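Sequence lines, in order, name chains Z and D. Residue numbers for the first sequence follow this note's numbering, beginning at 2 and rising by one. Residue numbers for the second sequence follow this note's numbering, beginning at 0 and rising by one.
Hint data in this document are derived by calculation from the structure and do not stem from the laboratory. Computed from a predicted model, the values in this text were never measured in an experiment. Accuracy of the hints is not assured; some may be wrong.
[Said to hold, decoys possible] For lysine-lysine, the following DSBU-like pairs were computed, each having C-alpha atoms within a straight-line distance of at most 35 Å:
(1) D:K166 - Z:K276
(2) Z:K343 - D:K39
(3) D:K92 - Z:K343
(4) D:K141 - Z:K276
(5) Z:K276 - D:K173
(6) D:K132 - Z:K276
(7) D:K132 - Z:K360
(8) Z:K321 - D:K132
(9) D:K39 - Z:K276
(10) D:K39 - Z:K330
(11) Z:K323 - D:K39
(12) D:K39 - Z:K360
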Amino acid sequence: MDLKQIMQNYFLDLDAAAKDPDRKVAWCTSVGPAEILRAMGFDVYFPENHGAMLGATRLCMETIPVANSKGYSPEICSYLTSDIGAYLKNITPLAKAYGVEDVPRPDVLVYNTNQCKDVMHWFEFYAREFDAPIFGIHSPAHLPEVEPEHIANVVAQFKQLIRSLEEITQEKFDPKKLERCLALSSGATSLWSEVLKTAIADPSPFSFFDATIFMGPIVVLRGTEIARDYYRDLLMELEQKVATTRSRENAVQKRVYWEGMPIWGRLRHLSELFKRNDTCVVASTYCNSWIFADFDPHDPLPSMALAYLQIFINRNDTYKEKYISDMVKMYSVDGVIFHAAKTCPNNSNSYYNLPGRLKRNGIPTIVIDGDLCDLRCFSDEQSTNVIEAFLETL
Amino acid sequence: MKEPSAQLSENARYYWGVDCGSSEIKVVLCDASGNILHKKKGKTLFPLYQNVYNALNDGDATPFVENSPITKDNHKIIATGYGRHHLQFVDDKLTEIKAHFLGVQHQLKLDVPYTIIDIGGQDAKVITIDNSKVDEFAMNRKCAAGTGAFIEELAHRLEVPIGDMTKLANQHDKEFMLNSFCTVFSGQEVIKTLMNGERIENLIFALYRSVVKRVLEMTVVSTDIVAFSGGVIAHHPLLVELFGQKLSDKEMVLTPETQYCGALGAAVHGMSV
């Protein structure tokens with residue numbers, strides 16, 4: 002099945018679930034306990050995905066100011082302001098893309114603070130609006146290492162969450178269903194990892210900008226056969242592409258790494274900019290965020306806790322420095338572009354001199370200013386100039 | 000300055016550098032040895048193409064014919080600056096970072112690490128040169144503090160002609176700092192300070208010091224030599240002296256063709272592509 006069809010089916014099914022009194026919809030953060038929710042029979046909706054769609058379609062430029070005028074600062078997460086503004090304005094990009102007029106009403110909202118605290122405020126807004134129950138996994142943050150006590154802490158929160166969800170569903174939690182769901186999730190995430198690794202090839206079969214599109218199913222359909230099957234097919238296709246691209250005739254001259262959030266409203270502009278400069282963005286921290294190598298269906302809750310805690314964004318800078326250095330080697334990267342996203346300090350790793358430390362280790366780096374959604378924080382001309390000048394120095 | 004018509008030959012090769020900046024378009028024509036045969040500047044105005052074309056076509060004996068400026072095989076046109084991507088007829092393009100380096104290097108011929116401070120209309124750059132190439136650079140972020148736009152805005156507020164500012168600043172009898180980072184808020188601060196009875200000469204001096212402070216906040220200058228380029232330095236030479244006070248252990252060098260460094264660098268780049 003092609004990607005557009007997969008995403009359309011997902012949103013149409015969610016829409017149907019929201020309108021069916023016998024089905025229940027859970028809203029979840031992108032690295033929240035989606036597997037638990039799915040195993041307990043919820044259809045899962047990810048507001049961050051909606052935020053990205055608002056950014057990519059640039060509808061956010063109409064909706065962010067609405068949220069701003071209601072008291073949500075332009076300085077906070079622009080996924081949040083894009084999405085709340087869209088809700089207040091009663092518009093959604095799902096209408097044009099998939100014929101779905103409204104985002105699905107939540108029966109429960111579950112967030113995990115392993116990414117940031119803004120998701121909590123975001124979900125709390127909707128919990129008030131829909132008068133729906135809300136639960137949070139409050140993760141120990143900025144970890145140098147994930148220790149047993151961190152895992153125990155999060156497992157205890159999962160157990161509490163499961164008890165609360167049992168009250169909502171009026172059904173007993175079935176560990177077998179979670180094992181099955183986690184196995185599917187693990188399969189999909191492993192395949193996603195292999196998909197990304199095909200970009201180690203030179204020339205790379207795709208760029209970061211393609212990967213931001215390919216990643217749809219791993220974001221919204223973790224724990225399903227659909228995601229696993231999509232990445233199995235995609236991997237075969239990309240491996241074939243690598244195998245048949247023997248000539249280096251079309252090889253790009255430079256390979257760079259993208260650190261930070263995508264600039265959703267300027268993906269095409271940036272993609273063309275790199276292409277024009279004979280450069281491929283071969284890897285990114287962002288797309289790697291949905292690799293959960295530690296998922297273990299035989300040890301579900303602790304392995305989920307470990308996987309969710311040890312994501313890049315939840316780690317300290319020493320870990321991040323090593324992680325990026327390893328990526329630079331693995332993907333034979335010539336330089337690293339840090340995107341300082343104005344409204345996403347948690348996912349902008351240039352503020353505490355990480356670029357400087359990498360530079361001292363011989364890895365060329367540059368920082369560009371921008372934002373995930375809010376294009377008022379991004380200058381085409383200035384970023385073009387900085388990126389092109391950086392590429393000239395490589 | 001020599002007229003291009005007096006220099007051009009059918010058998011020689013020529014290199015045009017076009018620096019399409021945010022405020023001004025600068026054009027230089029070089030021979031194959033990098034000697035400047037002609038230079039010209041004008042305001043960056045719409046339509047950009049026409050303004051660049053006017054700058055390239057200087058007199059009857061130019062090498063170009065109407066609407067087809069690359070008809071001569073022995074001429075190469077290289078563009079730099081913010082407007083470079085809007086010029087379709089050029090042979091190649093490069094960023095101002097590299098262009099200023101090539102322009103400065105072509106004139107100073109330094110074989111040691113050095114730093115270029117280039118203050119332009121809407122951005123300021125600190126470029127570190129090592130091993131005869133750009134090692135790293137820093138640019139102002141989305142803010143006009145420390146740029147020509149900052150000086151122009153405050154000159155406008157003070158109703159002082161740009162050309163008089165250095166002269167007035169040299170008449171200061173007191174030193175203080177402007178606090179605001181933002182150009183607009185600095186304007187408010189300037190007016191308030193004037194209302195409090197401060198001399199305009201002292202204010203302009205403070206304004207220059209503010210530019211120096213903002214530029215030096217961008218990065219650490221690690222080399223022993225600092226070369227200056229860019230149009231703002233050309234119009235406000237006092238800045239070099241003020242940078243020298245802050246970087247007192249370093250040698251300050253004002254590049255001869257300060258304002259044309261970018262255009263010259265573009266022309267020099269043309270010789271290698």
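#### Entry: Holds or violated: D:K141 to Z:K276, with C-alpha atoms at most 35 Å apart
With Cα atoms ~25 Å apart, D:K141 and Z:K276 stay inside 35 Å; holds.
### Task
Assess, step by step, whether the Cα of D:K132 is no farther than 35 Å from the Cα of Z:K360, and give holds or violated.
16 Å, holds
### Message
So if I understand the rule, the pair passes when the alpha-carbon distance is 35 Å or less; does D:K39 with Z:K360 pass?
### Response
Cα-Cα ~40 Å, so violated.
### Message
Hinted pair, alpha-carbon criterion (35 Å max): D:K39, Z:K330. Please report holds or violated.
### Response
Cα-Cα ~48 Å, so violated.
### Message
What's the verdict on D:K166 and Z:K276, does the C-alpha distance respect the 35 Å limit or exceed it?
### Response
The given pair, whose Cα atoms are some 49 Å apart, is violated under the 35 Å limit.
### Query
Taking 35 Å as the top limit, are the C-alpha atoms of D:K39 and Z:K276 close enough?
34 Å, holds
### Message
Next pair to validate is Z:K343 with D:K39; report whether the Cα-Cα distance is within 35 Å.
### Response
40 Å, violated
### Message
Check whether the Cα positions of D:K132 and Z:K276 lie no farther apart than 35 Å.
### Response
Holds. D:K132 to Z:K276 sits at ~24 Å (cutoff 35 Å).
### Message
For a C-alpha distance cap of 35 Å, please report whether Z:K321 and D:K132 respect it.
### Response
Between Z:K321 and D:K132 the Cα gap is close to 30 Å, so the pair holds against 35 Å.
### Message
So if I understand the rule, the pair passes when the alpha-carbon distance is 35 Å or less; does Z:K276 with D:K173 pass?
### Response
Roughly 53 Å separates the two Cα atoms, so the pair is violated.
### Message
What's the verdict on D:K92 and Z:K343, does the C-alpha distance respect the 35 Å limit or exceed it?
### Response
It holds: about 30 Å lies between the C-alpha atoms, which stays within 35 Å.
### Query
Straight-line Cα separation of Z:K323 and D:K39 no greater than 35 Å?
51 Å, violated
The structure fails hints 1, 2, 5, 10, 11 and 12 (numbered hints given earlier, in ascending order).
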